[in-house]
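Asks: Now for the letters of each chain:
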Amino acid sequence: MSLKEKLVSSFLAFELDTDINSPIHDIRSKSIKEFEKVGFPDKKNEFWKYTPIKKVLNEELTIFKKKRHLIEFDKVKDFFLGGIESYKIVFIDGMYDPLWSSTTHKGADICILSSVLENKKYSNVISKYYNTIVDSKESFSLLNTSFSKEGAYVNIPKNIELDKPIEIIHINSGGESSLMLQPRNLIILEKGSKAQIVESHYSLIGKNNISPYTFPGYIDPLTNTLTEIHVEENANLDYYKIQNDLDTTSIIDNTYINQKKNSVASCHTFSFGGNIVRNNLNFYQNGKNINSILKGITILGSNQHTDHHTLVHHANPNCESYQEYKGIYNDKSTGVFNGKVIVDRVAQKINAFQQNNNLLVGDHSSVNTKPQLEIFADDVKCSHGCTIGQLDKSALFYLKTRGITEKDAKGLLTYAFANNVLENVKMQVLKIKIKKIIANKIGVSLGFEL
Amino acid sequence: MLKIENLHVNVENKAIIKGLNLEVNAGEVHAIMGPNGSGKSTLSAVIAGNEDYDVVKGKILYNDENIEDLSAEERAHKGIFMSFQYPVEIPGITVTNFIKTAINSNLKARGKKEMPANEMLKNIREKANLLEIDSKFLSRSLNEGFSGGEKKRNEIFQMAMLEPTLAILDETDSGLDIDALRIVASGVNKLKNKDNAIIVITHYQRLLDHIIPDYVHVLQDGKIAKSGDKNLALQLEEKGYDWI
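So the protein lines, in turn, are chains F and L. Position 431 (the first sequence) corresponds to 431 in this note's numbering; numbering is contiguous. Numbers given in this note's numbering equal positions in the second sequence, counted from 1, plus 1000.
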């Protein structure tokens, strides 16, 4: 049986406990039917041309989890921001972990999605927002909608500026073979509200690590995550994704952000590893004077692969979008950047900027980068640029004339290349955490405080 | 300190410097003037150790050691400094962090301990004051978005921090307004002492009103065509290069 057939036939058993008259059952049933039609993308699919996703769609994968795994705090403490107070929603192997979480219903809802999905109190919110901006033809979004039961639920009420950041942390314990996880986050910023959210994915143990769990035939987990974000009028969201996983685990991430007028939303994606990581980041501008900011740093090594597919849909006039993605590729790692910008006929006076710069460090590393602009308005400013190359020789010489060794100069320039993307990160602890990861990934020992 | 003997330099197989001799001693200021394309910038790049320039003949001796095989960073460790005509912009690293890295790299190469943080800070403040550099400027990305004057002041600030024994100022006056010129020149003058030497490469006399040279050399077609004292620069200003 193929993975597709297996998943489709799992659906009945998966939905056993769900009230068949509930709207959520209806949404899931429709999704699985659509998935059955669409199936998994193959190589002929342009959208997946450079990412061999088949490689990780192992037939052994299952959505059913066998048991709960406990993890010592010591092993995961670095996954938290630390140093500041925050709301926390932690999941281990897709299940909520109340021990390390810190949720609230006071002033704002910061809790788990399962407690909201089938709760009558929230039925209005669910029908207004849940699964309303998700691509109804995209395989992995359909699959997630069919099988997701758990994730983070965030609702910031009107005019509230959240007092501390939210951390959404997904941890794979590695305790079970063949898990296919379907986390789902629903995030709503009501009019005039403001929030900062950090979502991260980590795995503790993979196939190549020695542990009591590993056994012949162990299959690494595959995470298929979906995040739906609604940013209402005048609201302001900073969203950060940290993907710093093992060489063997893979993530498919679909994120949909719907913005209303006068809102500002930024999403930083920090991709520091994983077997195959695919990010589909979609921004819809549904109102005037919207600003959308998409930034990314990718640093890979060994055989890792990361694919960023961004979409900014300018559907209204007087809006802006700014995309800046940088990649550093070591060893045999590979990357993809596909930046799609759609400007509707009515979306006059918009300013869309896109930049993708890549450093190929490894002799066998490669990157495919492609701007994809579809412009139907005539009075707009759209610019794009991409570079693939090595470090600037004149910059290297400049540093060396100051007594900095060739090795350090290369490290420092590589660090500076990536570091520049962090300019607008307002959360200081996060900025320092990312800077440390960057320095560590590049292998440069910096002679100054971060 | 510096002795250049019969130097021939090619850039992409084209001869640029064709038999140049120059001797610079501690405590001296030398000015090298000359028309465009005479090889002035090539000379500074080749002393600083730019590998794009091939020394095909002749020697560069620094404190009696042939430095031909030394890398740019090794030359810096020995006290050679070059102020760039076009300093490179490096977004993502601040002026302060850059200079800290440079200082400690040099100390490490000379087998010394890193400079303690408070001493570094004090030093940075002192030298920034010397060049009338605002403290906000120090936390900006290196040279990024700097005006021409800011870039040159930053170069001399680095020179002040690194305290080289031989400093080559490559067209430091270009792109400077009169105030910036005065600040840069007075900075250089304060750094000058009997143990170090400065080579000023320039088109114009005006910088030499502020930094008084002991010797003036005219570089023409890859060779020193004429040498003299500071009056030679005045003559050049008046008559141009054609009479030489």
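Do not take every clue at face value.
The calculated lysine-lysine pairs, modelled on PhoX-like cross-linking and capped at a C-alpha distance of 20 Å, are [said to hold, decoys possible]: (1) F/LYS426 to L/LYS1136; (2) L/LYS1136 to F/LYS410; (3) F/LYS407 to L/LYS1108.
Hints were generated in silico from the structure; no laboratory data involved. All values reported here derive from a predicted model rather than from experimental measurement.
Asks: Hint by hint, say whether it matches the structure.
Replies: Right, here's what the structure says about each hint:
no.: 1; hint: F/LYS426 to L/LYS1136; result: holds, 19 Å
no.: 2; hint: L/LYS1136 to F/LYS410; result: violated, 27 Å
no.: 3; hint: F/LYS407 to L/LYS1108; result: holds, 14 Å
In summary, the structure is inconsistent with hint 2 from the numbered list given earlier, while agreeing with all the others.
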